[in-house]
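Trainee: Let the sequences and hints guide you as you build the complete structure.
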Amino acid sequence: MIAEVQSNIPTYDKIHLKFKLNGRYYDSESLSEVAYCFIKEGEPHQKTLGDFLQAWLDNNDYVEVQTSGSIGAPKKIKIKKQAMVNSAIATGNAFNLRPGDSLLHCLPFNFISGRMMLVRAMILGLELDVVPPRITPVFDETKTYDFSAMIPPQAENLLPKLHHFKALIIGGAAASHKLLQDIQGIDTQCYSTYGMTETVSHIAFRPLNGPHKTDFYKAMPNVKVSTNDKGCLVLEADYLFDGKLETNDVAVMHSENEFKLIGRIDNVINSGGLKLFAEQIEKHLTGGISQRFFVAGLPDDKLGERLVLVVEGEERPIDSEVFKDLKKNEIPKEIIFIKKFIETPNRKIQRKKTLELI
Numbered sequence: 006m007i008a009e010v011q012s013n014i015p016t017y018d019k020i021h022l023k024f025k026l027n028g029r030y031y032d033s034e035s036l037s038e039v040a041y042c043f044i045k046e047g048e049p050h051q052k053t054l055g056d057f058l059q060a061w062l063d064n065n066d067y068v069e070v071q072t073s074g075s076i077g078a079p080k081k082i083k084i085k086k087q088a089m090v091n092s093a094i095a096t097g098n099a100f101n102l103r104p105g106d107s108l109l110h111c112l113p114f115n116f117i118s119g120r121m122m123l124v125r126a127m128i129l130g131l132e133l134d135v136v137p138p139r140i141t142p143v144f145d146e147t148k149t150y151d152f153s154a155m156i157p158p159q160a161e162n163l164l165p166k167l168h169h170f171k172a173l174i175i176g177g178a179a180a181s182h183k184l185l186q187d188i189q190g191i192d193t194q195c196y197s198t199y200g201m202t203e204t205v206s207h208i209a210f211r212p213l214n215g216p217h218k219t220d221f222y223k224a225m226p227n228v229k230v231s232t233n234d235k236g237c238l239v240l241e242a243d244y245l246f247d248g249k250l251e252t253n254d255v256a257v258m259h260s261e262n263e264f265k266l267i268g269r270i271d272n273v274i275n276s277g278g279l280k281l282f283a284e285q286i287e288k289h290l291t292g293g294i295s296q297r298f299f300v301a302g303l304p305d306d307k308l309g310e311r312l313v314l315v316v317e318g319e320e321r322p323i324d325s326e327v328f329k330d331l332k333k334n335e336i337p338k339e340i341i342f343i344k345k346f347i348e349t350p351n352r353k354i355q356r357k358k359t360l361e362l363i
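Basically this note's numbering = 1-based index in the sequence shown + 5.
It should be emphasised that the hints constitute simulated quantities derived from the structure, not laboratory data. For every residue, glycine included, the Cβ atom is placed at its ideal position computed from N, Cα and C. Heads up, a few of these hints could be off.
[What the hints assert, rightly or not] Okay, the calculated beta carbon distance ranges per label pair: (1) Glu69 - Lys333: 47 to 53 Å; (2) Glu34 - Gly292: 51 to 57 Å; (3) Lys345 - His168: 30 to 36 Å; (4) Asp145 - Lys218: 28 to 34 Å; (5) Glu320 - Tyr30: 51 to 57 Å; (6) Glu251 - Glu361: 33 to 39 Å; (7) Glu361 - Asp247: 33 to 39 Å; (8) Leu331 - Gln71: 33 to 39 Å; (9) Val257 - Lys329: 23 to 29 Å; (10) Glu38 - Glu348: 33 to 39 Å; (11) Lys229 - His182: 31 to 37 Å; (12) Lys52 - Val257: 39 to 45 Å.
Mentor: Here it is as structure tokens:
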């Protein structure tokens, strides 16, 4: 799809004539003015919006973006503005977004996911409504939006109102078992996305409900996926980034452009000579534990690492029935309660730092 429109790809210094922000048309000059107003007088989420707009409209051909730590320690990296344009067009093609379509923006502007929602609107000529990035977003319920992006807790809290959205991408963290069950009965087409700051937002997605629901992510056009000798995904997409990007995500290839995620290699637990993938075990537990949790390995003299279940909140009994779908060696040897998990600014659990609290 990208190749078909390659000659017509706009440059990053052009704002689509049909672009709207909160109901008003803007060109580059008026966007610069509103950015200044947001920074000086806006609410916290508007200030970060203003900062990004000023960076987008300056003379540099790149912007600085904070990574979430998916493939290393969190840091600021430079991303080419044209790569963000290319990513926006790829998403537009994948989800059939057209000029005049409406988007709800309820994510922080600090990270690539929030910034790309704005870039998509400016480049594709979409009408973007920006609301504060709350866990339960408040929006105009008289409208129906063509597209939006949320983290799983937002989608969970808005479940009775998701009929206001035709298509919804859910990313930033794994969706809970309950959310995956609940969205099966709604008309909104929900997708899980795969990507990171370094890939300029998502480069693959999979339907979570509807007739095309699948466990396999499909890479977007012009993205090459493979695995290395560790079984981790290797990505190539020269319209987004240079060279090969080796990830920490273990995956199984289904076809040349489809893959199933197994878990992060840095979350693998070596227990008694067996490799246990934390994310695979957690999938079997999501339906029976209401609090946030994760499994991890702690040093053990006999096993090397012993498998433990770490649960957020006050200590309470955990019914052994929760573990019925696990193999014997996948059942945690110990259950540990921690009052509050340590998390990143975009609410991802920092497993290693949380374990240090034990």
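Trainee: Now tell me if each hint is right for this structure.
Mentor: Outcome of the hint check:
no.	hint	in the structure
1	Glu69 - Lys333: 47 to 53 Å	holds (49 Å)
2	Glu34 - Gly292: 51 to 57 Å	holds (53 Å)
3	Lys345 - His168: 30 to 36 Å	holds (34 Å)
4	Asp145 - Lys218: 28 to 34 Å	holds (29 Å)
5	Glu320 - Tyr30: 51 to 57 Å	holds (56 Å)
6	Glu251 - Glu361: 33 to 39 Å	violated (27 Å)
7	Glu361 - Asp247: 33 to 39 Å	holds (36 Å)
8	Leu331 - Gln71: 33 to 39 Å	holds (37 Å)
9	Val257 - Lys329: 23 to 29 Å	holds (25 Å)
10	Glu38 - Glu348: 33 to 39 Å	holds (36 Å)
11	Lys229 - His182: 31 to 37 Å	holds (32 Å)
12	Lys52 - Val257: 39 to 45 Å	holds (43 Å)
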